[in-house]
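Asks: Chain by chain, the residues run as shown.
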Amino acid sequence: MKTPNDSPIKLLFLAPLVIWIGVMFLAPLLFLLWVGFWHIEAYRAVPGFSLTNYAEIFSSFFTGSRYGWALLQSLWVAGTTAILATAFAYATALALAFAVPPRLQRAALLFAIVPFWSSYVLRLYAWQTILSGNGVINSLLKQAGLSWKFEVIYTQIATRIGLVHYLAPILIVILYVSVLSIDRVLIEAARELGCTRWQVFTRLIFPLSRFGLLTAGSFAVIVSLGDALSGNLLGGGAGQSILGKLPTYASMIMSDYSSATNLPRTSALATILIVVMVAALVAGVALATAARRKVSQ
Amino acid sequence: MKRNAWIGLGRLWLGLAYAFMFLPLVVLILFSLQANRFPGFPLQGWTLQWYARLFDDGTLIAALGHTMIVSPAAASVATIIAFLAGYALNRFTFPGKTALLGLVTLPIIIPPLILGVGFLGLLARIHLSGTLLAVFLTHVVLITAPALAIIQLRLSQMPKALEEAAWDLGASEWQAVRRVVLPFALPGILGAWLLAFTFSFDEFIIAWFVSGFDQTLPVAIYSVLVAAIDPSLNAIGTIVFAMSCAVLIALEVLLIPYLIRKPDA
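So the protein sequences, as listed, match chains U and L. With the working numbering applied, the first sequence covers 6 to 302. With the working numbering applied, the second sequence covers 43 to 307.
No wet-lab data here; the hints were simulated from the structure. A quick note: this is a predicted structure, and the numbers were derived from the prediction, not measured. Beta carbons are placed, not taken as given, at the ideal position from N, Cα and C, and that holds for glycine. Among the hints, a few may not be true.
[Unchecked claim] Short derived list, chain U residues pointing at chain L, Cβ under 10 angstroms:
1) 33
2) 64
3) 117
[Unchecked claim] No more than 25 angstroms apart at the CA atoms, straight line, and that leaves these computed lysine-lysine pairs for BS3-like:
4) 202(L) with 147(U)
5) 250(U) with 139(L)
6) 139(L) with 202(L)
7) 154(U) with 15(U)
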């Protein structure tokens, strides 16, 4: 007699997933951590355990190759991008949930995430043509007879525009779902008891969406830290920010690899990024749990 | 009329947000049909020359061809793996299930940049890097997680009694899976395939690290882009966007009505 939990199918059906993840995900990841300790001899990567790469990276962390500055640039750009993108997506999600009639909401949401389905590289290219020195915006300004030029291309501001545009559809979905799950009865009750709309927002909706906001924000930080494309195409590699003309860390990993093809060093750089991200993620999760606990009390 | 002020403000914001979201797409499509060498104003008249040049040159079309081999194949394998695993995860309990579920979502959280470096190291050791096969192998692991999420969502709507009834009526486990579970999961499977396909289609950084001369479309576009501004990119962008819209409409028509339906009683 068959019992629901005991069947040869169990192993058979799980095996492909486990094998694929083991071979094609865990193995490369562990390999990456290991390669970071290899060294280069006569232009070939030699297996072993040496701290050469890390010593090399950290000895010139804030001088010479300036990996440290690139890391700071990344954290600064990723942090501010996450705040901007989350604020933009939250305002849009609120507008969708409260200013659009319910029967139109699904269509409006789908409409908002259409850009997600177009290619990211091509969207960045389009932004390049919009923002560039003689691009769409500046040629329009010139047509209007203005001598003022809108110059953000090849700065980290442009990098942020590209990233916010990439992140917005995903964040809008996360935040819309989180706003939608707020019990409407609570809002009506608050209104009945004399709250203004602004008070309903600050005392009810905002605290209840804090968990969604932190989820969205952490996601945005992680994606922005790992993204090299916007920094390369819109930030021009080493874009200007208040920290100076510095590449982001992800751009640096990409250019470091294509210029030196030193896989052990690139692996060590990637390992450092993993450590930074895990730290960022742990901080995000800790904040989110704290927020959730506060709400449930 | 305080009420209308807030709602009006919300709608105004929504309009601005849509304008921001759609601006690049509008620019892409508009300047794929304009004679301007550098996208900008004034417009210089309608033309199809960039499309002609795109097809004459052939590099980007060849790359689109590579992508159209890799992405459907990767999406299909990922969807099969995801269906089998989704079924097992939905039906069985076993030690380490939570750990496995966590492990499966890791490829989403780990940035593709890091995976790209890791894949490159490992694939170079076994002399596979620089091939489309390498891109295929790495994309499967990346897109299995979202495919699994959608299939699990669909399977969680399946009443347990459905399969048990099939067994009671004499179906073997395999027959029950094939004739009862599979048809039920079909909308989820289609949706998972489409999502997986989209992710693979758009994936850049891993393909950049592991692909050689046989570039996928995003990598080929990037190579053109860092060299010069070429209006052919507007043309390929418009073509790709049209394809994505077809996928999106398919997704909307096929999938969403099933996925947002309440669990069958």
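Asks: Next, verify each hint and record whether it holds.
Replies: Outcome of the hint check:
no., hint, verdict
1, 33, "holds, 4 angstroms"
2, 64, "violated, 22 angstroms"
3, 117, "holds, 6 angstroms"
4, 202(L) with 147(U), "violated, 66 angstroms"
5, 250(U) with 139(L), "violated, 47 angstroms"
6, 139(L) with 202(L), "holds, 19 angstroms"
7, 154(U) with 15(U), "violated, 64 angstroms"
In summary, the numbered hints that this structure violates are 2, 4, 5, 7.
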